[in-house]
Every structure is written in structure tokens, then in C-alpha cells.
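In order, the protein sequences belong to chains L and V. With numbering that gives the first Met the number 0 applied, the first sequence corresponds to residues 0 to 149, in that order. With numbering that gives the first Met the number 0 applied, the second sequence corresponds to residues 0 to 421, in that order.
Hint data in this document are derived by calculation from the structure and do not stem from the laboratory. Misleading hints may appear alongside valid ones.
[Stated by the list, open to error] Straight-line alpha carbon distances no greater than 27 Å define the calculated DSSO-like cross-link-like pairs of lysine-lysine that follow:
1. Lys120(L) <-> Lys418(V)
2. Lys16(L) <-> Lys30(L)
3. Lys37(V) <-> Lys120(L)
[As the list claims (entries may be wrong)] Label-pair restraints from in silico Cβ distances:
4. Asp226(V) <-> Ser1(L): 18 to 24 Å
5. Lys224(V) <-> Gln8(L): 48 to 54 Å
6. Ser17(V) <-> Asp99(L): 51 to 57 Å
7. Glu78(V) <-> Ser1(L): 29 to 35 Å
8. Lys155(V) <-> Ser1(L): 42 to 48 Å
9. Lys30(L) <-> Pro160(V): 32 to 38 Å
10. Leu37(L) <-> Asp355(V): 22 to 28 Å
11. Asp99(L) <-> Asp407(V): 24 to 30 Å
12. Gln86(L) <-> Glu170(V): 56 to 62 Å
13. Leu37(L) <-> Glu85(V): 47 to 53 Å
14. Gly388(V) <-> Pro145(L): 21 to 27 Å
15. Gln8(L) <-> Thr32(V): 45 to 51 Å
Every value quoted in this text rests on a predicted model; they were computed, and no experiment measured them. Cβ atoms here follow ideal geometry from the backbone N, Cα and C, with glycine treated the same way.
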Amino acid sequence: MSELDELYQEVILDHNKSPRNFRAMADANRKAEGYNPLCGDHVTVFVHLEDGVIRDISFQGSGCAISKASASLMTAELKGKNENAAQLLFENVHKMLTGDPSDDQAVDKVGKLQILSGVCKFPARVKCASLAWHTVNAALKGESQPATTE
Amino acid sequence: MLMKAVPQTSDRVVGQSSFDVARVRADFPILLTKVHGKPLVYFDNGATSQKPRAVIDALNHYYSTENSNIHRGVHYLSEQATAAYEAARSKIRNFINARADREIIFVRGTTEAINLVAQCYGRSFLKAGDEIIVSAMEHHSNIVPWQMLCEQVGAKLRVIPINHDGEIVMEEYRRLLNGKTKFVSVTHVSNALGTIVPVKEIVTLAHERGVPVLLDGAQAVPHLKVDVQQLGCDFYAFSGHKMFAPTGVGVLYGRAELLEKMPPYQGGGDMISLVTFEKTHYNVLPYKFEAGTPHISGGIGLGAAIDYLSALDWQQIAAHEHRLLDYATDALSSIDGLRIIGTAKQKAGVLSFVFDHVHAHDVGTILDREGVAVRAGHHCAMPVMQRFGVPATTRASFAFYNTIDEIDVLVRALESVLKVFG
Numbered sequence: 000m001s002e003l004d005e006l007y008q009e010v011i012l013d014h015n016k017s018p019r020n021f022r023a024m025a026d027a028n029r030k031a032e033g034y035n036p037l038c039g040d041h042v043t044v045f046v047h048l049e050d051g052v053i054r055d056i057s058f059q060g061s062g063c064a065i066s067k068a069s070a071s072l073m074t075a076e077l078k079g080k081n082e083n084a085a086q087l088l089f090e091n092v093h094k095m096l097t098g099d100p101s102d103d104q105a106v107d108k109v110g111k112l113q114i115l116s117g118v119c120k121f122p123a124r125v126k127c128a129s130l131a132w133h134t135v136n137a138a139l140k141g142e143s144q145p146a147t148t149e
Numbered sequence: 000m001l002m003k004a005v006p007q008t009s010d011r012v013v014g015q016s017s018f019d020v021a022r023v024r025a026d027f028p029i030l031l032t033k034v035h036g037k038p039l040v041y042f043d044n045g046a047t048s049q050k051p052r053a054v055i056d057a058l059n060h061y062y063s064t065e066n067s068n069i070h071r072g073v074h075y076l077s078e079q080a081t082a083a084y085e086a087a088r089s090k091i092r093n094f095i096n097a098r099a100d101r102e103i104i105f106v107r108g109t110t111e112a113i114n115l116v117a118q119c120y121g122r123s124f125l126k127a128g129d130e131i132i133v134s135a136m137e138h139h140s141n142i143v144p145w146q147m148l149c150e151q152v153g154a155k156l157r158v159i160p161i162n163h164d165g166e167i168v169m170e171e172y173r174r175l176l177n178g179k180t181k182f183v184s185v186t187h188v189s190n191a192l193g194t195i196v197p198v199k200e201i202v203t204l205a206h207e208r209g210v211p212v213l214l215d216g217a218q219a220v221p222h223l224k225v226d227v228q229q230l231g232c233d234f235y236a237f238s239g240h241k242m243f244a245p246t247g248v249g250v251l252y253g254r255a256e257l258l259e260k261m262p263p264y265q266g267g268g269d270m271i272s273l274v275t276f277e278k279t280h281y282n283v284l285p286y287k288f289e290a291g292t293p294h295i296s297g298g299i300g301l302g303a304a305i306d307y308l309s310a311l312d313w314q315q316i317a318a319h320e321h322r323l324l325d326y327a328t329d330a331l332s333s334i335d336g337l338r339i340i341g342t343a344k345q346k347a348g349v350l351s352f353v354f355d356h357v358h359a360h361d362v363g364t365i366l367d368r369e370g371v372a373v374r375a376g377h378h379c380a381m382p383v384m385q386r387f388g389v390p391a392t393t394r395a396s397f398a399f400y401n402t403i404d405e406i407d408v409l410v411r412a413l414e415s416v417l418k419v420f421g
């Protein structure tokens, strides 16, 4: 498979076309905005957190196929997880996307999100894939400033 | 001038018969680069242009034989370096037809030139309630410095709207001009849309009210013959790196009469004539605005780029670039789901476009794999994106060393985008 095919796999194209949990959430008790100043992509992540568990999660915004698919896959993966598990997943996804040489096992710890592993071959696109993750991280921490990829 | 209005038939004949694109391509070593195993197709000239061998050699020559600090040494090398740097200033004066060398201020680039005018002219001569006019298609560098000035002095920014083709609505400009207008700053050629703005008319209308005008020429100087006296503008700003010279050097042209009235931009060496702890006397123009050791090799490189450009036939270049734009406009218009953003009657070689269902970033990545370098994003002109209701565009921007064959490569690469995204 070429690097390009690896980047734009069927699953990613499908999540881009029909993003899951792509909606605002009226009863969200955590919410954050994420912004990539490089390209103008922005995303809002809504979380309903109950006893430290992500009961519901959704997103809205505009961006490229990679950022949209990454956000969609993220919401599907995080629903039902507790905050600690979400944080651990965030760290492993980040390592996988950046091709962090200190942990080449990260890719085995992210479950279905492995589908995004092709991104590390495209350094200019890492921020597209990580935007939603930075944003959910900010939402869970209750930060008031918009998250950025910078 | 590069105008779509020029009759196509005569244009095509000139473009095909007399411009030897293969010969100029040989002057640009980087054009031989392979990208992902494919020949580089460089369509990101609006971001920065490539450099001819003559410019690269000038930098090498300067550092190998002349390197020294300027305006201060009594030794041989300093005299050589000073002469080379000041010779570059004269070449620039001649290139844009300014009246005198002292009207040519070396800066880091267009951005610094605009900030200099906003701070040195703006803070001295604008006050609360005054108005500054810009257009809706400015680069952020011709918006933010004026917003900063507005915050400092309490002035107000007014914006001339653009129509759906990406042209300035002149009636609105006439309406915005009033007794409170104290400055007008507009682009000569839009970086995001390619529109050539009728700047002479804009200057004339402002001058009828005694209002000074700055023109952002960053995207104009690589494509159009610029004559600041003919345009009548008070300030003209441009960057070296978009006109085949090194990065980090640019030019502010200012009418001497206004520059004389303005305080210095930064304090330091070279901009003074006498310093005591009681009082400092500033140097004469242009040095008053050139504190610190400048980008000497950059200035010399800009001079070399002007020498290179001066040896080319600008009428042929204009015809060739116009032909590229026409050919690309026709070819891209026939691609399913592709919409061109910026359809002004008078355009320079910039083609911005969007797909209905594919984001510009994805387009940019797929084109890169075919060797085609384009810009994807908001082009530092977010208000333009908002005006057209798109988050980002893909932009192909041409230079005279581009070819019709390269546009065919772009078209094939765009077809592969549609293959990936179905």
C-alpha cells in the first residue's frame, strides 16, 4: 500500500463522509474549542462527564478529512471511558501520530485508532489528526482558553 | 500588465513564439528537484519564488569576497560591501522609478514596511476619531498593523467591500472616503485571489482629499512593471523573496517629503548622526529608518534579482504568464465539482479554488505526492475566506518559469484527488 493509500484508508474516508457524533450537545458539562492557526481548522468538542466517566461525547466544526475522521473516531473510542483511560489514550495516540521513537509500541495500545498510524509519514498533517485530541484534553481539564495545535 | 482583458489571440502568438521558457528554467537550479520521485512542479510562487543562479552566485560572491560591515569601516572590504549594498539601493530605485535613492528604505519584508508606516506615520499624524481605509481582500499584514494603530490612537478601521468576482467595489470606496479619512492602505495584487486592483484610481480619489496611500506590492512586483511616480502612491511596500531574491529583505518606498516628517522606526546604530546622553540627532534619509546592521547580502541579492529581471523582456513574460493563467483557468473550470475563487476581469497568475467535498489540505497532500507544490489554507487572508464562505482554498500561483505542461500535470493530479475521494 502506498503512503497515500495508507493515509486515506476506506475507514477514514467513511468517517470523513459520515462523521459519528457530529452534533452539538445541550447537556454537555465540559466543552472546549480547538483551533489550528496554520490552516484555520476549528473544532468544538462536547463532553457529558459523570462520576469521572465520559457518558456522551460529540463534536462540531470544519476541517480536512484527516481532522474530521480523527475527531469522529475519537468520539467513538472515548464514549464510556473514564478520564484516566482517556488521558492514557491521548498520550498513546499522540506518540503514534508523531512517530515518537521512545515508544514504538504506542500503535498497539490505541485499538481501532491504529487506522490513523499512516499520518506520521505526513508531518504536515500531524496537527490535523491531533487537533480533536488536544481539544478533548482541554475540555476534560476544564480549560477556558481555546486549545491550539501550536 | 497581466490582464485577462488583453485579446487572447495576439497574446497567445506572442507567448508561444518568442518566450523561451526552457532557457529561463535553466537559470533556476531548484527546478531540477524530484519530489517523491516525480519532477517538481512549483506552483507556490505566491508564497515565495525560486531563486535564479545569478542571485545564488551574488550571495556566494559577497560572502567569499566582500563580506564586511557597511557604512562604518575605513578598510577595503567595508568600502566594497558598502558600494555593493548602496548600488543595490540604486537598482531598486530605478526598478520602481522612485525619484531618489533616499526614498528607498531597506526592511525585512512587506510586513515590516507596513508596520513601519503604521507606527511612524500613523502614531504621529492620526488621532482618535480618524479613519483608515483598507480593502476586504488584504493580507493579514495589511490589516493587523492598522488594527494595532487603531488601538493605540483611537482611530477606526473602515473596509472597502469586494464583489463576488473578488473586485473592489469602487462606489463603496468613494462612499467610505470622508473628512475623517486620514490614511488608505490597499493591496496592488491580491495574494489569495489574484485580482489586480485599480490602484491608480484609488490613489487619485484619496489624493483629492489630501489622504496619503500605501500600496502593498508584495504580489505585484514579480508580475507587473511598477512605476511609483506613475501610480502616484505615497508609500509602496514589497518583499525581495517573492521576486526571486533572498528572504529577509524587502523595501519600503516612501515619498521623501513624508519620510522626512516621520520619526525613526527603531533606535540604534546607523540611524544616528550624533549621540550624547542629553540628545541624539538622527541620520538623514534613508538611514534614519535603518537601525542596526542590515541584511547586507540580502540587499545585494535583491539587486542581483533586479539585474536578472531587467535582462528579460517583460512584455514576453506578461504574455507567457497570461497564457498560463488562461490555460489553467480553462482546464480547471472543466473539472467536476471544482470552483474557482477569484474571477476578476484583471488578474495576475494566481488561481485559488475549492472542491465541493474535498478540503484544501487533503488536495495539497495528494498534489504533493504528484510533485506539485501548492498552498492550501487561508493564505493569511481569513476575511477573504469568510467573504466567500470557504474555510480554505487551494492556490496555484505561477511564475514565468512555469509551463503549460506543468499545468497538465496539475490537472492530472487533481483528477487523482477525485479518485481518492470518489
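Results of checking the hints against the structure:
1. Our distance criterion of 27 Å between C-alpha atoms is met by lysine 120(L) and lysine 418(V), whose separation comes to about 21 Å.
2. At roughly 24 Å between alpha-carbon atoms, lysine 16(L) and lysine 30(L) fall within 27 Å of each other, so this suggested pair holds.
3. Proximity of lysine 37(V) to lysine 120(L) is assessed by CA-CA distance (about 18 Å); at most 27 Å being required, the pair is judged to hold.
4. Separated by about 51 Å at the C-beta atoms, aspartate 226(V) and serine 1(L) break the suggested range of 18 to 24 Å.
5. In this structure, lysine 224(V) and glutamine 8(L) meet the distance hint of 48 to 54 Å, their C-beta atoms being roughly 50 Å apart.
6. For serine 17(V) paired with aspartate 99(L), a C-beta distance near 56 Å keeps the hint of 51 to 57 Å intact.
7. Hint check: glutamate 78(V) to serine 1(L), Cβ distance near 58 Å, so the stated range 29 to 35 Å is violated.
8. Range check, lysine 155(V) to serine 1(L): about 54 Å between beta-carbon atoms, so the 42 to 48 Å window is missed.
9. Distance hint for lysine 30(L) and proline 160(V): a CB-CB separation of about 34 Å, consistent with the stated range 32 to 38 Å.
10. Between leucine 37(L) and aspartate 355(V) the CB atoms are about 23 Å apart, so this pair conforms to the stated range of 22 to 28 Å.
11. Take aspartate 99(L) and aspartate 407(V): their Cβ atoms lie about 41 Å apart, and the range 24 to 30 Å is violated.
12. A hinted range of 56 to 62 Å holds for the C-beta pair glutamine 86(L) and glutamate 170(V), which are about 57 Å apart.
13. Between leucine 37(L) and glutamate 85(V) the beta carbons are some 39 Å apart, a value that contradicts the proposed interval 47 to 53 Å.
14. Here the CB-CB span from glycine 388(V) to proline 145(L) is close to 22 Å, well matched to the stated 21 to 27 Å.
15. For glutamine 8(L) paired with threonine 32(V), a C-beta distance near 29 Å fails the hint of 45 to 51 Å.
Violated hints, listed in ascending order, are 4, 7, 8, 11, 13 and 15; each of the other numbered hints is respected by the structure.
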